[in-house]
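Student: Chains as they are written, first to last, in our numbering: chain A, 1 to 316; chain L, 1001 to 1250; chain E, 2001 to 2410; chain W, 3001 to 3430.
In short, the hints are calculated from the structure, not lab data.
Source: prediction; values computed, not measured.
Ideal Cβ positions, reconstructed from N, Cα and C, are used throughout, including at glycine.
Hints may contain errors.
Said to hold, decoys possible - Pair by pair, the computed Cβ-Cβ distance ranges are:
no.: 1; chain 1: W; residue 1: Gly3418; chain 2: L; residue 2: Glu1241; range: 37 to 43 Å
no.: 2; chain 1: A; residue 1: His91; chain 2: L; residue 2: Asn1024; range: 55 to 61 Å
no.: 3; chain 1: A; residue 1: Ile65; chain 2: L; residue 2: Ser1055; range: 51 to 57 Å
no.: 4; chain 1: E; residue 1: Ala2163; chain 2: W; residue 2: Ser3388; range: 56 to 62 Å
no.: 5; chain 1: W; residue 1: Asp3429; chain 2: A; residue 2: Tyr81; range: 31 to 37 Å
no.: 6; chain 1: A; residue 1: Met297; chain 2: L; residue 2: Gly1058; range: 53 to 59 Å
no.: 7; chain 1: A; residue 1: Ile65; chain 2: L; residue 2: Gly1070; range: 36 to 42 Å
Stated by the list, open to error - Only pairs whose alpha carbons sit at most 25 Å apart, straight line, appear in this in silico DSS-like list of lysine-lysine:
no.: 8; chain 1: E; residue 1: Lys2332; chain 2: E; residue 2: Lys2346
no.: 9; chain 1: W; residue 1: Lys3224; chain 2: L; residue 2: Lys1053
no.: 10; chain 1: W; residue 1: Lys3150; chain 2: E; residue 2: Lys2211
no.: 11; chain 1: W; residue 1: Lys3224; chain 2: E; residue 2: Lys2182
no.: 12; chain 1: E; residue 1: Lys2113; chain 2: W; residue 2: Lys3150
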Amino acid sequence: MAELIIFSLLHGLVYGLLLFMLASGLTLIFSMMGVLNFAHASIYMLGAYVAYTISQYVGFWPGLIIAPVVVGLFGALVERYGLRHVHKYGHVAELIFTFGLAFLIEEFVQLIWGKQTVGYHEPAVLAVPLFEMYGQTFPAYKAFMLLVSVAIFIVLLVVLTRSRVGLIINAAITHPSMVSMLGHNVPMVFMGVFGVGSALAALAGVIAGPSLGTSPGMAVLLGPIVFVVIVVGGLGSLIGAFVASLLIGMMTTFAVAIDYSFGQFFMDVGLNMDPDGVLSDLYTVTIAQLGPIMPYMLLVLILIFRPTGLFGTREV
Amino acid sequence: MSAAIELRDVRKSFGATEIIRGVNLSIADGERHAVIGPNGAGKSTLYNLITGKYSLSGGDILLRDEVVSGLAPFQINRKGLSRSFQVTNIFPRMSVYENIRCGVLWSLGYKYSFWHNVDNLKDVNDRTVEILEEIGMQARAQIPAGVLTYAEQRALEIGITIAGGANVILLDEPTAGMSHSETDQAIALIRKVTEGRTLVMVEHDMGVVFGLADKISVLVYGEIIASGTPEEIKGNAAVKEAYLGEEVED
Amino acid sequence: MIRRTLGLGVAMATFASVASFSAQAETVKIAFIDPLSGGFGAVGISGLKQYQYTAGVLNKEGGTQFEVTGYDNKISPKESLIQLKRVIADGIQFVVQGNSSGVANALTDAINKHNKRNPDKRVLFLNYSAVDPKLTNEKCNFWHFRFDANADMKMNALTDVIAEDKGMKKIYLLGQNYSFGKAVAAAAVKFLGEKRPDLKIVGNELHPIGKVKDFSPYIAKIKASGAQALITGNWGADMQNLAKAAQDSGLKIPLYTYYAANNGITKAIGAGGVDRVRLVAEGTTNPPMTEKWRTLLQGFKAKHPNEDFTQTRITNVMSMLKKAIAKAGSAKPIKVAAALEGMEHKAFWGDTVTMRASDHQLQMPIRILVHTDKGIEFDGDNSGFGLLNESTVTAAEASTPTSCKMKRPS
Amino acid sequence: MSNISNAMTAGASPSFLRRYGMWLIPAIVVVSLPWLLTSTVAVAVLNQMGIAVIFTVAYNMMLGQGGMLSFGHAVYFGLGGYFAIHGVNMISDGEWPIPLPFVPLFGAFAGLAFGALFGSFSTNRAGTVFAMISLGLGEMMASSSLIFTKFSGGEEGITADRTEALPFFGVEFTTEVQIYYLIAFWVFLAVFLMYRFSRTPIGRLANAVRDNPERAEFLGYSQKWVRFISFTISGGFAGIAGALFALNYEIVTEETVNALTSGVVLLQAYIGGVGFFAGPIVGAVIFTLLQTLMSNYTEIWALYVGLVFVGTVMYAPAGLTGLIMMHVPVAMAGRMGTLTQPYARIALPALICAIGAIGFLESWHHLSAAATGEFEMHIFWMTFDFTSPITWFVFSAMFLGGLWDARRVAPAVADTYGNALHYAFTGEDQ
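Taking the hints into account, I'd like the entire structure generated from these sequences.
Tutor: As structure tokens, then:
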């Protein structure tokens, strides 16, 4: 039991922090520009693929830096030549534009890199177990993922609370109307924010690619969950995104470990349920099976009862 | 005669700051009443309290002896109170005709009907045409409201406000941002459409107030410091000091 | 590679259906309804290439000529039915499909209804890979033939091997939460219970299909259960990610699988899975057993260097169809179906297989293959690793009874 | 601007043909189509189209008319399908004596019921909150349909045999054409009712709440109720579409409730134009054609659909219907003639650009997917060697050249249009 808890904690932490890297960029973009970027997870995928290609030539480590920069530039170009063009039609059009963009990126990724998982691997130095406990190992690469995401969190926190740029951004996040007071260079700021947000997503992709597999399906798997994170955490709240990421990471990881169903609960309290009844699915399903639905149930509940999210100050 | 609208010790605080500090006001049926006051006196807040946009921190608001505070805007509206907005507030993607017609529907009892065909409702369309004539916009009926001029939009908004047949009308700075000639037209329009109704308006422009109102209340720092006919207010020393003294020149 | 000659629109389809009847004597058209785009497209396209290559090989031998045309069903039951309508309009009478039992269920149902409603335009469904046992049990019908061993037969063979290992006391079952995954789990529970009542199933778990990014939490759970082996029916990304997580977490127990090879999986398992990952299948490529088989495999590799001949049963589908048409002296589906019933056939790799008449389930020897890099002639994913034949369960031993009550058209 | 029929609102009573022509003419076309297109495939595509039309118009009741952007409308479509298919099975088992044409009512009921249930808490707000709740609900229902298999049959779905239901005046619905007429009937009924809905007080108020919820509240209407009613009724019509899906394919699976179906309906509505009642109809027809016909000719059809979609969002936000409607005033003023020449001028480079782009993408696709020794591809009724640099050069040159020229003449074309429009409104040239 102890080993299950320890390892579930570790895996939940890795997954949660990965979610945070995606969510931080998304919440930054939303707070500044009012755009819910549906293509964010696709950009994360693009990061993994670009890093894969780079790693084919010069190895893993340069890709860690180059890929986010390349994808960040790509994001800036998307903002400049795509999003900005749609801006005048309103937020719904912008949202739908990013929805289409997500679709296009996935198709282009398949055209360029094929439909199968590509062989993007961790560097040899990290492809070893870090430690062993109860006969189970924890891979060094996952520890590396932890390290990178914690570093990003700290850097973001420091930049946003200590530097001049950060203070301006911070102010703009909490008071969106102030964005226009940033001066005459608002378009430039938007482009920068979108670029940086994309670079953050790409970095998440670069480090997740070798661990979770680099395939055209990786965006769809993570995309909706990231929305859940930023809405549950509260839009515009970096701390909220951090807490919600960990919450959802832990929730989905621990759910796997629980083979408990309502049927058992009823049995424990002395009610006998017919295991073959028409509605039997409702109480024979285990928590482990419900794991993937739980974040969405949380999302719906939060939006009904607390539309500002856990830490947010304004409604979605 | 019972009051059309009555405020009893109305209070509103935002955080620790009390913006409205116990306002008592009674407006008689058929009266045209203006609330004036310097910037920051709480005029807009008071207005939003009456129309149900903000909730009260204390006191009561009564519409024909019925407590309306705490009700949702649409519920207050159904009790016979209609309002306009300081920022132009119309349905920009719909035609002028549709704008007015939407205002007419509830009062004629069609409510949430999903079986009547609006084009075949004679009473609705007749009333809509009537109101269009009243605000002088028959010729512009089929134009999308979003492309009207500013003054036209304000006129349309007054049209929407009276379309529901409410007999208590609240107007929030109906002439803000208008030129002199536009203002004169607007005053004429308001006088015409509020005939036989109770009007409460919040206004900055002294000319408008003295030209329209039967009675004036002066709000300063969340309190009514004076209430009376335009002549009484003009002669009130406290008002002069608090308000007219600094503002009258414009 | 455009899969169909360019038509001038829907109106042309009628013309084509008339034209194809006169051409039928020489060329028999086969419709391949499987995903050719999207996430599962790679598997489908690879299957189509294997079909087309096999057709080429058989066509060179003379006799009935085959032409295999791909119809993209986007792995959706709905699209499959739309494509089936096209196939029928194009005058094609033979449908092959394999990916997803859900699609197979939809197709067998639709074809059964269609044949009942349109006796003059019947279609035969040759299922080469959908292994849900239901298809040849409660859902069996005269127009459906299965050339792959169903999940029960495979599990029967697999548990024969497991049962021999007397040290094995604790087994864990993990599968995808849908009909196939459930069928695998049910079969494992049943056969292990019969063959080794002392063996304990310490976990029987279903995970959401295609939704798990990281299997590490499952591995932690398996590890904590003390299982000595894992049985899984996972395929595609779910298999690949499972193998990856098992390796990362140092799970060193044997893995008994249905589909842990090719399409990137062999490469992903790599050195970590040597002698540890086993797979149950009907044919073998290492060693190829016969020269004829070796030639075909080599020829395929030369033509498609980045593909592997992954579905050996495809050659059975094609050669048995050819034989049946010759035997019936006609390509009419009802006659071909009758000829297929009970047909005995020698596969490319030398095994003798029989199409059981009572449920249209091909009976065949089943092999347990092991993932290794020694003695591999045809590797997977060009990785140097491949599947080596470890043991064979005879057709009689692997066979399972059927509940099918076949209704034959009068 | 907001509705094609605004012209009719003035109160004058239009002639019979003007009043019913917009229903009569399509009716004649729809009834006669199976005689013109005798292929079963053509009829099958028409059936698919009909279902898409109802679903998309129902969706647009929310997006276009009510301002609610939903990422989970497949929930009501799919549930309608599941209830209908269970209904058919119950009827086959002899439990209820209901003829097949009435089965879509099961779908309507399911859509309404679940629309009311989910609408009761998701319509409190519009905008992003609504969109996110719909996304969450959509994902939840899609995942649930794979877990709660007693009801949904899991990924295999639920099947039924529609011919086992009661015959309807002797018709057993064995053929495509018979089911076509059943679908066509429901398409007409549903589209007519949805059009009528847009002309009712609540339908008009849906527009008002979309444009300005705060103002609508001061007309006596609760914005929540207005949204809730639109949402519920939209769910009901989506349920009818789902039920027709069930009758047409005789199977309902997880794919009817999943995110892809929700996404496609958004795509259809947007490509067609959400600002017009007819927009989603155009979108559903065009998209179905693109999807079913294009996938026969190219494996990368989804890429083209994506490009068309993004192109629409960027350059024609009012959709295809918007492109047509913006020419109506010009045509009524008799000025279309002035536009033909500039349009032909820009169409030529645009066409060259499109051919170049398609050729380029196809070459790329073939290069990455081809077998050893393969180097030919057939597009545009010609054969190309996709390994040859010449092919690549020619297509790239066509793409870039066409793009350059089209962009060069675009401002002039836009000016000409602007002039024609100015003339149409003012009766004088600029």
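Student: If a hint holds in the structure, say so; if it doesn't, say that too.
Tutor: Going through the hints against the structure:
Our hint of 37 to 43 Å for Gly3418 of chain W and Glu1241 of chain L is violated, since their Cβ atoms are close to 58 Å apart. One distance hint, 55 to 61 Å for the beta-carbon pair His91 of chain A and Asn1024 of chain L, is violated here, with the actual separation near 44 Å. For the pair Ile65 of chain A and Ser1055 of chain L, the supplied restraint of 51 to 57 Å holds, since their beta-carbon distance comes to about 54 Å. In this structure the supplied range 56 to 62 Å holds for Ala2163 of chain E paired with Ser3388 of chain W, their Cβ-Cβ distance being about 60 Å.
For the hinted restraint 31 to 37 Å between Asp3429 of chain W and Tyr81 of chain A, the CB-CB distance of approximately 35 Å keeps it satisfied. Checking the proposed 53 to 59 Å range against Met297 of chain A and Gly1058 of chain L shows it is violated: the Cβ atoms sit about 40 Å from each other. Distance hint check for Ile65 of chain A and Gly1070 of chain L: the Cβ-Cβ separation is about 59 Å, which falls outside the suggested range of 36 to 42 Å. This hinted pair checks out: Lys2332 of chain E and Lys2346 of chain E have alpha carbons roughly 24 Å apart, not beyond 25 Å.
Only pairs whose Cα atoms come within 25 Å are accepted, and Lys3224 of chain W paired with Lys1053 of chain L is accepted, the gap being roughly 15 Å. A hinted pair counts as satisfied when its Cα atoms are at most 25 Å apart, and Lys3150 of chain W with Lys2211 of chain E qualifies at roughly 21 Å. Taking the CA atoms of Lys3224 of chain W and Lys2182 of chain E, the gap is near 44 Å; set against the 25 Å cutoff, the hint is violated. Only pairs whose Cα atoms come within 25 Å are accepted, and Lys2113 of chain E paired with Lys3150 of chain W is accepted, the gap being roughly 24 Å.
Taken one by one, the earlier hints fail for this structure at numbers 1, 2, 6, 7 and 11, listed in ascending order.
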